[in-house]
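> Mind docking chains B, C and D on chain A? Use the hints.
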Amino acid sequence: MTVTEHQQSTYIAGQAADARIRFELETEGMTLNLGPQHPATHGTLRIVVRLDGEQVVWADPVCGYMHRGYEKLVEVRKYQQITTLVNRIDWLGHFANEVPFILAVEDLYGVEAPPRAQWIRTIFFEMARIANLGLFLGDMGVQLGALTPVFFAFRDREHVLNLMESATGGRFHPNFDRVGGLKEDLPKGWVDECRTVMKRQRDFCDEMEELLVGNEIFQKRTRGIGVIPRQIGLDYGLSGANIRASGVDWDLRRDSPSPLAWKEVDWKVWTHPDGDAFARYWVRLQEVREATKIVDQLLDGLPSGPIMAKMPARLRVPRGEAWVSTENPLGEMGYYVVSDGGPGGPFRCKIRTPSFNNIHIVPWLLKGVYVPDIITILASLYFILGDIDR
Amino acid sequence: MSDTGATSLEGEATEPEATEPEPAAEAVPQEPDPLRDPLVQALEVDLGADLLTSAVERNDVWVRVPAAAWFRAVEVLKTRHDFDYICFLSGIDWKAAPDFASRNERTFDPAPLEEGVAADGLIERGITGGDTRFQVLVRLYSIERRLGITLKADLDSVAPSVQSIVPLYRGADWHEREAWEMFGFDFIGHPGLRHLYLPSEFEGHPMRKDFPLLAREVKPWPGLVDVEPLPGGDDEPEVSEVS
Amino acid sequence: MPAKPQVPGLLKGLGVTFRTMMRPAVTVQYPHVKETPAPRARGVIALKEENCTVCMLCARECPDWCIYIEGHNDLAPPRREGGKPRRSPKLDRFDIDFSLCMYCGICVEVCPFDALFWSPEFEYSEMDIGDLLHEKRRLGEWMTTVPEPPALEAGAEVKKGKK
Amino acid sequence: MIAALVAVDVTTYGWVTALKVGVVLALIPAGALILGYVFLMKMMSHMQSRLGPMEAGPHGVLQLVFDGIKFLQKEDIFPDRSDRRVFALAPLVVMLSTFLLYIVIPAGPRLVVEDLDTGIFFALAVSSLSVIGILMAGWSSANKFSLMGGLRAAGQLIAYELPLVLAVVGVVIQAGTLSLQGIVGAQAAFDMSFFGLFTIPSIGYFIPQFFGFIIFMIAVQAELTQTPFDMPVAESELVAGFMTEYTGFRFLFFFMGEFGTAFAFGALASTLFLGGWYIPFGFHDGLLGDLQGVIVLFTKIMIVSFFVFWVRFTYPRFREDQLQTFAWKWLIPLSLLNILATAVFKVVF
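Protein chains in written order, with my numbering: chain A, 1 to 390; chain B, 1 to 243; chain C, 1 to 163; chain D, 1 to 349.
Looking at chain A on its own, in the form it has when it is part of the complex:
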């Protein structure tokens, strides 16, 4: 059953109207602090919620508990050191944070990584998506009370992380991307190992489909909850699966000219018309499946050749500005790098993270919603705290 536009707005209007009536009756509502230590927020996000009974009158997210001041730190570091810092922003999508930054710097410097490096970067990018969204598929279950899916997620994600460790050395923080290519090439036997892991990930997706998507209680808890109309989503700058679940057919991997190897692989961008919590879960489930297919095709067509373009030992990036954004697991992540031509690092580096905008819609979305639905909506938006606070 899909929720039409009309149905959704009546639901929200009804909820809000009830909330207002009770509000006008001057019943003294309760202000509740969800967080910063709360099981439902991935990290330290605090949401001040004013309740009337179990319904939310208004909600105001308070962030900054994990503000590490990335943009200031980046200005005092060299390009080489920044990739280490930067893959700690969205700590679940490890490799995917480094890629846009490195692409921006390569764009400024005017160098192009050799094809083999681009293909391996794309493989790692999609594996970061699988690891990141794989955890979401399990985590959404535990937020709604089902204990087992999250263990399946962690169990199957382990293999992807082991693959990353065997190739890059780090499970969570690979630091494998260099301006002009990659640090090293893949170890022997990695490609076959990767194929078996991709097969296992598809089985994991089928298990999730059986365990949650088909489950009536899950559908009752997520259908028609937290509906984001297309226009409101764009107005707040939502990106990634959140906006594709509201019917916007936009994916930076296909729509923006990126040197990585997505063009050489045929894959499909999944969207869903409803825009509710179920749609977001469903779109991410299909995206993980699609990512395993992409990786398989990339592994088949992996070109051979050098892994690193010829680069000088001391990197001096010429003066200029560049903006590169890629389709990270959580949404559009972009770097606006300004270089002053000096020997050190970038002059200014604005880091655009997807969760910052994804969470910005929460005050609008949580009006007139029940308390258990707050958790469903927050879980379905799938933000990472490092992304919001930078």
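What the hints contain is simulated information worked out from the structure, not anything from laboratory work. Where is the CB? At the ideal position from N, CA and C, for every residue including glycine.
Negatives, chain A to chain B, calculated, CB over 10 Å:
1) Glu5
2) Arg155
3) Glu158
4) Gly189
5) Glu210
Derived coverage of chain A by chain D (criterion: at least 3 residues anywhere in the stretch with Cβ under 8 Å from a Cβ of chain D; other residues may be distant):
6) 135-143
7) 146-152
8) 213-224
9) 371-378
For chains B, C and D alone, coordinates are given in the frame of chain A:
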């Protein structure tokens, strides 16, 4: 027009070539970009004199408008050219950054005047130039046309302030709060300018270049300890400076 | 009115958990059974003292500033007789503070004389955080645990002269 | 049973009841430990492809025992603005309802603490005592989350009290008596014959009372605040619902209360629907009969609890209002229909 000779472009040049004074940046004129040039032309028609400089570079459109025309420019983009997605809004402090990397001791002292730093200590601007210390920039994206644009505006160096675009894009609210908190830009008409990340009693604007990064002051740089001189050696103390 | 729950959805879920119950568990009982990490895993940094020429590059390049080096110069016999005595740098102190280190691997990579290596050893946690400052002797001990670099994948281009 | 073994002079009423109370007092933690260990520890972990506790004792058998000791030595914290007396009393009230439930459950021809002739009526009345305990806990721990947990528990337990009782009415009509021993006897004598074709020896009422059994199990799931209905203890929202502020042995009481009630309801369900301690073959009286009764009842409880916990580890949680509408609009009409059907069958056959 900016006196520092950044890319300045007058009139109706069909394909805007980025004439960079420095040899470093490539000065080759771009081949006409079918997707973006009509947009630049349409903007020139809509904004007229307010469009100070515009450039199509690195397959992106960069436009600079005066601070007064900021709201109008964003409004034109949103209504007439259906840029419905707000990517981000942020600021830049163009004051020359104290050069951390190349020198031995990483203490913070006012930057030496190097090449590329204009007389008033403001560093060479980026693609669309600019003349004041602070610049606010917003990046909008149109989903149907698969097209992005970065809009910039120079703000006054002493009291930077600009019209808030929250009435146009609700998503700009937090971005503006962050810019206010980090750079000190005042956004007129913003629903509630309060701290987003920093504690409420925090003074100063951290992202400004003259705001010292204390982490580097507190801990002395371990590299300072150089190989001490040879006992009774003849040559001068060995400072192993590999640069 | 909640829709009447059709049976298959709910039962399929029960099926999945039952199947998993029948399958063997995947957890490894750590203290008794130990998994060997990948040869390239970044566990701890090992120092080969002979290669080190106290050039301070690693200390300078480290983003966390967690490498402390002190050294002095010894006079080595001149290569050609009558020539100036050669200056051979000796290492007095080479400490890496693993409580600060973020395992980025820049020092290992930037070292021009290949004195630093990665070893996948990871069981060196301490009760007191001060002991995480591994001095030169301890880093030398890790050298024994450094594995041979694994062979590269088929399509890779082996750089000439790379160890 | 023990009374028969021990020398005669202990047959005075005082001694016998003291003995019975002792047995029941030992039964609650034992029941909680067994259920907790077998299902919560082992089955749940194997369902999540992990091994569960392995260190404490062979295969982690003593895990809950050590947990118990750990809880006992924990500090007993009272939140500062909490109502101390009510806070301290709440776990006892919850334990009380579990304790009283065991009185009426027969484990053998002679093994019942007190064979009340209004047995099932007493059991159901007593089981709703825990609502008061939970409310006291929720209100008195001066914490918004536990207050919400307590209120949710009140709403849910009362809403599911009705289907629980109505489902039992079907059984009572068919058995004709309220006393549990009587129901077991009636089930023993009840062997279904399909119009004389063949007769299935009686294995309890759960075939004729199938809907009643399903409703009863769903209501039991809700009474125990288990996952499809665990709004009061919703970990991802209310941290631990009404138990958030409890530490040390008070939390141990809640834990034992929860699993003790699960054991008791398992026993109740098997007595009402699966024939209690009776199986067609084997001994039925004397010492061996008692022994066999205990073993049979225990296996039936294990089967029933397996289903209860299996559902708990698989399903997400209902939202509060869905939970209520499900109870009022679905379970209660269904159970009324079930009573009607049983009554009609009772009269016709």
